[in-house]
Amino acid sequence: MSRIVSVWLPMWPVERIERRKPNSVPETGPFALVEKGAHGLRITAVNQIAARAGVAVGAALPDVRAALPTITVRPAEPARDAGELRRLAAWLGRYGPATNIDGPDGTWVDVTGVAHLFGGEARLCADLAIRLARLGITARIGLADTLGAAHALARFGIGSAGQAWAIAPPGEAKAALRDLPVSSLRLTHEAVHLLLRLGLKRVGQLYGMPRAAFAARFRETLRKGSRAAADEAAAELLLRLDQALGLAREPRASLLRPPEALSRLAFPELLLTAEGVGQALERLAEDLMAKLAEQDLGARRFRLALYRADGTVAEAVVGTSRPGRNPVHVRRLMSERIASLDAGFGIDVITLEASDLEPLDATQATLEAAGTAGDDDVAALVDRLVSRLGSTRIRMWHTAASHIPERAESWRPAMDAHLEMSRKRILSPGPVDMPGKASPHANAGPVPRRPPILLSPPEPIAVIAEIPEGAPQHFVWRRVARRIVRSEGPDRVEPEWWRHIGAAGPPPGPRDYYRLEDVTGARYWVFREGLYAAEEAGTGDVDNDDRAAGEATVMPRWFVHGLFG
Amino acid sequence: MGNGLSHAPSSAVYAELQAISNFSFLEGGSHPDELVAQAKALGLAALGIADRNTVAGVVRAHLAARQMGLRLLPGARLELLCGLRFVCYPTDRAAWGRLCRLLSFGQIEAKAPKGECHISLDDVARHAEGQVLIVLPPQDWDWREMLAPHEARIIAFGPGTPARACAQETSFEARLLDIKDKLAPAACLYLAAAHTYRGDDRARLAALDTLARRTGVPLLATGDVIYHTPHRRPLQDVLTAIRNHTTVAEAGLLLARNAERHLKSPREMMRLMAGYEQAVARTIEVVEMCRFSLDELRYEYPDEPVPPGFTPQEYLERLVREGARHRFPKGVPDQVAAQLERELEIIAKKQYAPYFLTVHDIVAFANSKDILCQGRGSAANSLVCYCLGITGVSPDEANLLFERFISSEREEPPDIDVDFEHERREEVIQHIYARYGRERAGLAATVISYRARSAVREVGKAMGLAEDTLSALAGMVWGTRSSGALPEPHIREAGLDPKDPLLARVIELAGELSGFPRHLSQHVGGFVLSRVPLVEVVPIGNAAMENRTFIEWDKDDLATLGLLKVDVLALGMLTCIRKAFDLIAEHEGERLTLATVPREDSAVYDMLCNADSLGVFQVESRAQMNMLPRLKPRCFYDLVIEVAIVRPGPIQGDMVHPYLRRREGVEKVVYPSPKGGDKDELRRILDKTLGVPLFQEQAMRIAMEAARFSDADVNELRKAMATFRRRGTIGRLEEKMISAMVARGYERDFAQRCFNQIKGFGEYGFPESHAASFAHLVYVSSWLKCRHPAAFCAALLNSQPMGFYAPAQIVRDAREHGVEVRGVDVNHSDWDSTLESGRNAGPDGRPAVRLGLRQIDGLAEDGIRYMVARRSERAGSAFADIDDLQRHSGLRLPVLERLAAADAMRSLGLDRRQALWAVKGLADSAPLPLFAWRGVRETGSEPCVALPEMPLSEHVVCDYQTQRLSLKAHPMSFLRTHLAAGRVSTCADLSNVRDGARVAVAGVVLVRQRPGSAKGVVFMTIEDETGIANVVVWPKTLESYRRVIMGAKLILIRGRIQCHGGIIHVVSSSVEDRTDLLAALMEDPKAARSTAAEGAGETLRPSPEATRPLSMSRKDQGGMRRHPRNQRIIPRSRDFH
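Residue numbers (this note's numbering), protein chains in the order written: chain B, 35 to 599; chain Y, 11 to 1147.
Some hints here could point you the wrong way.
[What the hints assert, rightly or not] SDA-like cross-link-like pairs, simulated, lysine to any residue; straight-line CA separation at most 20 angstroms:
1. B:LYS70 with Y:HIS255
2. Y:LYS1046 with B:ALA100
3. Y:LYS1059 with B:ALA93
4. B:LYS208 with B:ARG283
Since the hints were derived computationally from the structure, they do not count as laboratory data.
Chain Y extracted, bound-state conformation (with noise of 0.2 angstroms):
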């Protein structure tokens, strides 16, 4: 190519190969898409991305690359140590393998910190065979290195003293023939040049093609990229201000001159590298060098999980059928030997046998251990995974249809997600390491973004916003999860003008920031095995978490290659049921497994018809509590469809009330046809839910059935489900559903609310097989509460924190349900909550639950299973007093304070303000030998002192302070009289209250919710010594007593009874905050007298109306801090936004 080509831009080429994008974290101003859409745009031959140090960005590059028909050069920046830089474009597969290699040995075995890479010259030498290096001149080069020492003196020019800028010890050039020396010829060298609008160019470009001619590295032309259009120069700005800790108007020359580092069109990159049109032609001879694609990774499964002499079919096959003996004691049925059979085929024609073996293997690893596992998600579709153990139900159980896990049709892997106990998944996980070896097993990356909160922060940090005005806008993101710019209300709510043209550009710049990446972390539990070593594949690094390493793709990156992974996910109800079958096992005699536990018992169903679902997996939730009586769940099917129904999607589709309408019976149930088309095209789909759509593949099915869409329409449906809260390419999908559906003669209406539908699962969607996963861990945790309500109550406790309700609750239900609950003690309690049977059992005869030493803040487990072995070889007899405890437990004086300020010392004789004199009075450290072998104090005695003895409210109040509940009171109970008198109704009164009455009561709030759904109104359960009660605050009354429902934690509510279907709400019209009774309950009367005549003590105030100037709490005084524990009488409400 030459000279003429300057004169014939329609013919010029050009390939971008120095392209960072937001990968390369505060530097990249772009999204790899972007880049590569702008690439597309611009015409451009080709794009490479190279990120510092990484390939992170380069799938999602790739992507979109794949869809837009750009050619993608994947490959990464190398940043040594030295501060060399290159661009490295592997040619082939097995170079990729070297860069990954070269860039987890970085990581790994350099031992770099989290998110650094440490690599030197010749490592990058071990690793060069096959790529393409272009040398990056260093950033400070001083091209008059390369003048003539006559030539240097006559430019007139140029900045600082010539002399010294050739008097550099090693000069670039210098270091371009060591690397040459080194690098080539495994690697092919280039020497990249860029114009930088910088006054000196000419002169700079000459400068470098001298170099180039002396080396024999040959130039080659760069945009040296970092955002796709010039208007990202002030986000890059703000992320240069951010990156050093500065704010932009103080970063000053750290930020870029111009606007110029972005993509440029082949024509401009002719016009500025006139006279070097070799080097912009160059950029094609290495995009033809490099031939490797990422679509050349293919995924190869571990050998392990299949004995030698078996094809991994075969094997399969075998497990298969011993499985189902298993399942079907009396015999497989004909249609599930059927069933089996066209799944086998199926699973064969694709070759996914080994897939299926590595998640049983690690399956069958669990089990081994008693860790308790289940899959979720659409592998309950498949009668294999059943079989197998993987999955709990039956899909003939549930009606599950195979092809929704793997049709023949679809080129996209199955996808197996496997729960285990929360606390001993680690075993598993490390089990995986064990077993694979690092090299061939990694977790897969979660890619942190910014979003809109953490955005605003830093954009207005970065702009200067004072720290009061950043934290209020960071403030207001309250309750928005979604990206993207910040409603204008919301900022008025904070109190800021938005309006104000600083603020609204930090709006904007942080629309623009959010969705960034941020850093890369671990997935929670999505682990890649493969056959060859990963980390040719991908680079593997290390994570923040010790003996965690993680591959730099996240779960999205995966799919699009195409490479498998398996879901370790930890799930707490497992871990709360295996201790429930633990503790029945011990105390009843009898082993329980997920399997083995008595299906379609009736009296759990009658249970769960009362909403009496109070720790139950998924169903305790308020508005899940509201739907039980209403669904009246009487079968396995019911719970499947309880456990979708109370979801955005079907609530966003307005398909709930529909299909309750029609269980009771009120409504007719009717398939919507299309008009002279098959009567029964719906019926098919919607039989099982009475003519609604409540599933999401019900949804799928009627966009293929009734809108006539296409497998290819469907799969974008799909994707546009899954990244419907990322972009807005809905839009146009819901235009032809629509307008397809209502052509084929259905109402537009029913057509509307389907789509609707689909919206609301891009949200949060369920589908029927992952419904029934979850529907069977519903049904085997509320039979142990119906059957069980000692075991579960304890196993509950002891799988804390997990569920939506406090201990103290749980320890409530468990009572009212006749479940005898004894409190902590020294003598009696182990670290967990234990079953107290036999000899000691409840009354009658039934298990009691003894709390454990855990429901105490601040205890190490460690001290307390000691001080529980110690007293176990006592065999039987117990410690005897307080001197005893200290000289056999092991235990340390700070802990037997908790442990006395926790009254667990009753059977010592000991009441809680006894204890802690005794306590405070003992000696730190075990008594000298001689004293002990005496057995007496080497205090000596003391004289006896009379403590005031504690209320009983005080100790209710100090049992929440120290174990966040009581078994002696509930703490309004002592309120009452109070109460009462100002005519609040407790919450059990509520239901004798007739619908739309007014009425006043008080409690405790335990959760506050802001559901997205419900358009800005907060739902709160307050509770009572009688009970709980709901109650609805609307917005208009949020805004008026904001404070109040925000931070109370003991809350008086007036307002009108609500009364539907059985659940009560109490709709608020005013709420008052009286958290200030639950302080005075720590009052004794004395105290209360004098902060009664507290109000006699007037001041003399400057201003002439005299308001009472002492209306800071009694505690403040005395210029001191509250102590926390003082502070915090009930624990912080859980509030979920």
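So here's chain B without its partners, still in its complex pose (with noise of 0.2 angstroms):
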């Protein structure tokens, strides 16, 4: 006979995000955790103010905030909030040896046997109740002779004098769960649904029931899947039923530690050199990045420890640029590391864990030959660099799609970028070209070249140039007298107006570039910024009068902006 505790985390999602943010979430206010569904943004958690004025789970987020405007909310984190029950499972392996999680929401922990060392399986669950309460987690307790049975109490069932525990003396799961209602038997909510309608909605309800009839109806409810779904449906209930009251075997898979991607390699022999770490190195790397691909993870760090023989640990950690899994990076990254790490009176365990997983697919063999790869080599090559002269020292050309030049290219932290450009391309195809639809293109033709060197910031010139939009005919940069022979232009940008929404003073008008050529040969990339009035530039249109208006006080300035090679 197993004794089970079940632990019910009703507002997880909340607290876990207040755990890990401290005033995160409203202390006096609604909050609610969103998820973007198909039709919007749908609430998936909430605080108790929230629940309490009446905001449901599945409801959608327009809706509750017409109802109540003060809500604030953030966006759903389903897979950390999975990622950190299951350390909370793990930690609970202080009550018993086996324990993992329960559903979104819950968690388990096997305690046969060990009631006695807590002082009685009551003391033990108060002072579970008591520890997750100081770390602020709200939860109820179940403790029964089966994982069903524990689920149904936890969640349903009714402590004694106000605890948030319900126990199940052994043997008395039926009495336990007969007056709770059916949807306690973690059935699907077809069965669930059936079940009521047919007037069935307490467990104890279902003990008498002749169990072919039973089957032969819930075998309909899960028609639509494959016929052996359905089977599976037909035997849940009783089966169900069964485990709860102890009468089927359920198996349970016990979490040891959390799946974290770590290896281990332990010695008999002291290990002392640096080829033998090498060795270990390249051992845990094969290792590890097995692990990782079972799981279509990637990591972005890695940490190789070195646990020495007088209880101390020497480690280093190295970061990758994009999350990757291949063994051969890793060592060789590490490998500039591990020669200054010291062995000292010998090693007798080396683990390697990564961490910053991030999901990582099965990359396709490229069918071309080598060198169309250039992504990774480049990658590799950052991060080879950055582990050698730091973060900071590398950087690289960034290219946005920008008609303004200084914000077309810039540097930029070589790791931060090149995971950025990578990203890019993975997330956002180009835009496609419909026919009989607009062409996305709403510019004609080739983009105009410009000069393979750009001055920061552009330097103002003097000029003598026709007004209103006449090319430079001579002008002074850097105390030196230009006369211009060639020139060509105007080729007007308008400054992104979007970025100067709600900036102070008025936006920066328009740029006229001109690329000229002096009687040296020497080539500039000039433009004057802000447009002559039209009343000076005596045009009179009627459609750059306001445009004009505005800027007339400001007179136009030139500035030499780039040079031609």
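These two chains come separately, so use the hints to put the complex back together.
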């Protein structure tokens, strides 16, 4: 006979966020977590205040907001919720050898034969309840012979004298469950719904029912699925009941520790040489990467820990610019560091741990010849340079889709820039051009070439040019007068208006770029910021009047922005 | 024109020929009329509007150009599948027909998806005759292909490598020669050249010029215009982002690099095109070549309705005479005969006979198929329409004047709208297609525009607002139907900061975007019929609906061009009336028609005076129900007034109360008059309505008589009224009318009210004739309700969804009127609700209503009809048990399960729970023949299972869940003891409470309304087992209890009684959501106990104060989602904003 504790955490996602980021959940106002569904944002969890105000899980956010404008929301993070729940389950290991999570909001721990260590089952439950409360976690606890019964008691059981736990004494699961609703039996909602419609609302009502008749009827509920699924569903109701009553075995997978990506190697004889560590690293890396590959994960941080015989640990941590699981790459990065590690009196255990895990699908091996996979090569180079020189020292040209030259090209720390570029390529494939629809390119023809050398910031110059839009005939830059013999332009670039929303002062005027060549053959990229007002220009355009009026007070200014080689 | 022009700017002439409007969806940034106005202001010689493969916007441009005196070239930009692009302008009427054919071909014959047009160069060539085609250089054209190789090498600044550019497989030059080969000389070709501000314009223009010289296709200057002023660039960027499903910030190089694609003045064009002045001058050459104007599209009526040997007028007169004999069986009165002569004379003069015949033809078809129909709108003014059977009300009965329909002065064609039964209108539509052919009949389009809500959403998305903010922003457009800016309080209401600059910009841009067309859809029923192929008048495209095609113009466009259309509309009440007539004929042996329903039955008026009008056409709304006891209608014309008075026009003009006071005799009937003028000036207009203007045309005639408006002024006023919502052109007229009336000695206050009423009509106006047509249906439906309540109830149920009330209220009302209503049953019910008469009649011998199986949610009509057919084949022997039913009804298990859930198996001796158990035990599929023969179950017999009996309250809840009504009891009745303990009154009690007393009342929310004219007041109708109560919620209370008021299904109201003229309202001061009580009905007593005990199960809480953590409902527990059916006990209320 086993004894199982089931813990239900009704407020888990909200409380988890509060634990991670204190003060992120308002204490006095309604709060909810939301997830993007097919029809907009939906509520996935709420705090007490919102629950009391009637906000239901599953409601559409706009509806809720219309009724309760003060509600604050955050995006839900189901993956993190599950991850931390697993960690909590591992922590429950203090009460018993076997533990695991139970759905998205519960955990269990097998306490068979250990309750006396805590002074009895009631004391154990109280201890657990108090510890969870201290951690800021709302919990209800059930203890029974089976996981099914404990699960039901945690969620629907009534503890005596205001306790947060309910205990069914050994052998009394049947009595304890009698008055609980059938939904406590971990059934599909179709099955629960059918039971309710048949008037069978309490678990006790099922005890005397003919099994064959039930099996026949519950086979129908899940007809949609495959034949096998239907049989499974038919079995489910009776199976769940039997499991809760201890009439059927329920396999329970225990979670000894969180499935961190960790590989461990122990040595019977102490390891003393760097070569030995290198060989160990090779095996660890192979093993760890295989584990990651199984879960379709890649990591951006790797930690190598050398447990020395004297009880101290030496460690090396490396980061990569893209999530990966290439053992060779990790080994190469690590080996830069291993040299500096001190083996001390010898090493008996080495672990290699991966963190910052991100999904990384299996990649298609390219059919083309090597060399096209330049991306990975560059990433590997960047990683090696960064791990040697530091992340701020390695920078890369970052190109952005912008008409403004200085926005189009900029230096960025290489690890960020590279990651961003590769993500963008994956996430947003280019727009598709449809026949008969508007062409996506508002710009006709090839983009004019820009000079290889950009001055930052552009340098002001004095210019002689024809008004309104003539190219400079003569200008002075760096105290040297330059006479222009060839010119091309204007190339008009408007400022990116959406970047100036809410900015103080008038937005900058458009720029007219000119390409110029002077008598010496030197070539310049010059622009005028702002247009000449209509009156001065003498064009008297109606359309330019308004635009010019706002800028008339600011005289257009000229700058050199770049040099052609 | 030589080079001298650039130095003499005043003589510069230019016409813009490459401009798109916002009918090039998500590309053009300006309305057609904005482009026209700007072109006029800039002094352009003409403007050509050519949208992408469509002419949808040209009529609007044409109208604006006509008003402003600008020459407009209607055309289209042809975008071919191969990527070639032309701007096409027809030179004459025939060429226009070819262009329309080409665009129709690209949609219909090419089987393009809706909204697309697939054409090839060969298609263009077949339709090229008489067109001016301006070839647009490809967007990615590299002008360096025009350079000789040695030149290319010395171009130092050019982008890319010239060598690659020259190596293109098909150069543009080659394609241009190919085009010329195929299209010239049928079409007149030009090559477009625009100055783009891209830096290389001089070189590009030179290359184009070279190309033009080499190919002999002359260069034509264009502006490549996509908006009228550069200020539209931000909006255009937003459109680009929307089109590419991205945000402005991320759109990058998809956005235009500058704001130069706007209209430019001739002088500016001369400056930009310096050196190519010939190309600018050529625009005038094109304008002179294209003589076609949309005004040339003359309408010609189809011939079909006129039999050979008759002229249309002769035939019409003959039909009218026949009809008159039929309509006036006792002989046509002289007065009527004289009126008919007069009408026919005017019709003859205006040559409208074919139009009347066309409409008559459609109506005759409907009559031949027993489809009820009736004309609405101003056609009711015409005795000819009455005699032709198009309208149902004799104009003399309602004192209607023919001149309001057609006057010899007005040049506008008459407008006849006909309503048909909503379920059978499609038959009429397909008949029209069949009779006139798809080439000659088409539905008008409706331009679907961005409205405030959609504009905010799209702009917000493009500006990168978070999904959450976006929903909040879009959600706040609650109840604002107008376009334009959102008021600040609304923004604050949504929990957003109106001062946030990004938000302000989003709202500003959304304001600009709202009103932009987003796509074309088919009009609900506006048909254009013509003698010549319609496809040569306007392009015809595919509709999203199968078997529908529609033209590219909407009804305003058709009116602008004077094209005639017939509105074939759908009206649910006609369906209901026809079904009631059928039931009466079947069960009571009396065949009624709209015309033979007995007139002026006083019992009907008695009923209406008591506000007993649930289910009746038009006067069943809450406002109408309030009005009925005050207005006390006693004759048909009273109903006309009743229909017209509860409208925004009279309400905004504050005309309702004066009228009621005068009617009750409290106020003297006086007619305002000008000083020293004709005392009876207004008496003649307002005599029928006791000196108070209630109808649209009364207001218009006051403008004519009292304010001395000219015909032109009145026409303008009428137009302003129609478009009032869209444009604020009415202010000038307001000043004019009021000052004129005051000057003539009327009181300013009266004048203002008259005008306010006109403004109100702009929102939703009812002219007298329209009110009269509707009043006829009000009378007929009231008569049915009064004299044949059972048939009316069944017919209403069979015509759902329609009207204000849900089936539960219809059934309840019928039962209150002594009709026995029987529940759904597999052995007794058909698909539709039926009457049971004769042997099966109700206890008083009157027919009883048997609810139809259509009442049950989620059943398919075909399967049920099959079952009913099989049942009737068995000649009276009912289904005996569940196996019999399964074997012989052809119903599948899921259907049987639904029937069981709806408690429709009582005649098999099974209540819903037993029925469900039985159905669940069946094998899916008919039994094997062997077993069927033996008549035993293949699964063998089963032990008997005793299921718990279902309490009545749960039965009621399940009835509501499956049928949205219950005949067993009202859900509130189970809560009465509980409520009574809390001193909550029943709805019926309220009538015994004195005015001003404090009360508490609870009920299921039936209807929520927040009418635009009521300044934020919400009206609610709640229902309990004794009746209904009307609740008023003032805005202040609404703010405090917003969530409850918007969301509660069962609501508890505390407030004061307000009693006025026999109408009782509860003015709420506080409200409480008690929807939880409904859920409690599902619980059995045992469960209720454990719910109560739950309070004991306190949990240790991390926070010091011991709040009960488990306030979430039990059904959420165990990590399970609630089944949708569990969630919905009472159907959602019907909410009208």
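Evaluated hints:
1. B:LYS70 with Y:HIS255: 18 angstroms, holds
2. Y:LYS1046 with B:ALA100: Answer holds: LYS1046 of chain Y to ALA100 of chain B is near 16 angstroms, not above 20 angstroms.
3. Y:LYS1059 with B:ALA93: OK: LYS1059 of chain Y and ALA93 of chain B at ~15 angstroms, within 20 angstroms.
4. B:LYS208 with B:ARG283: 16 angstroms, holds
When each numbered hint is compared with the structure, no violation occurs for any of them.
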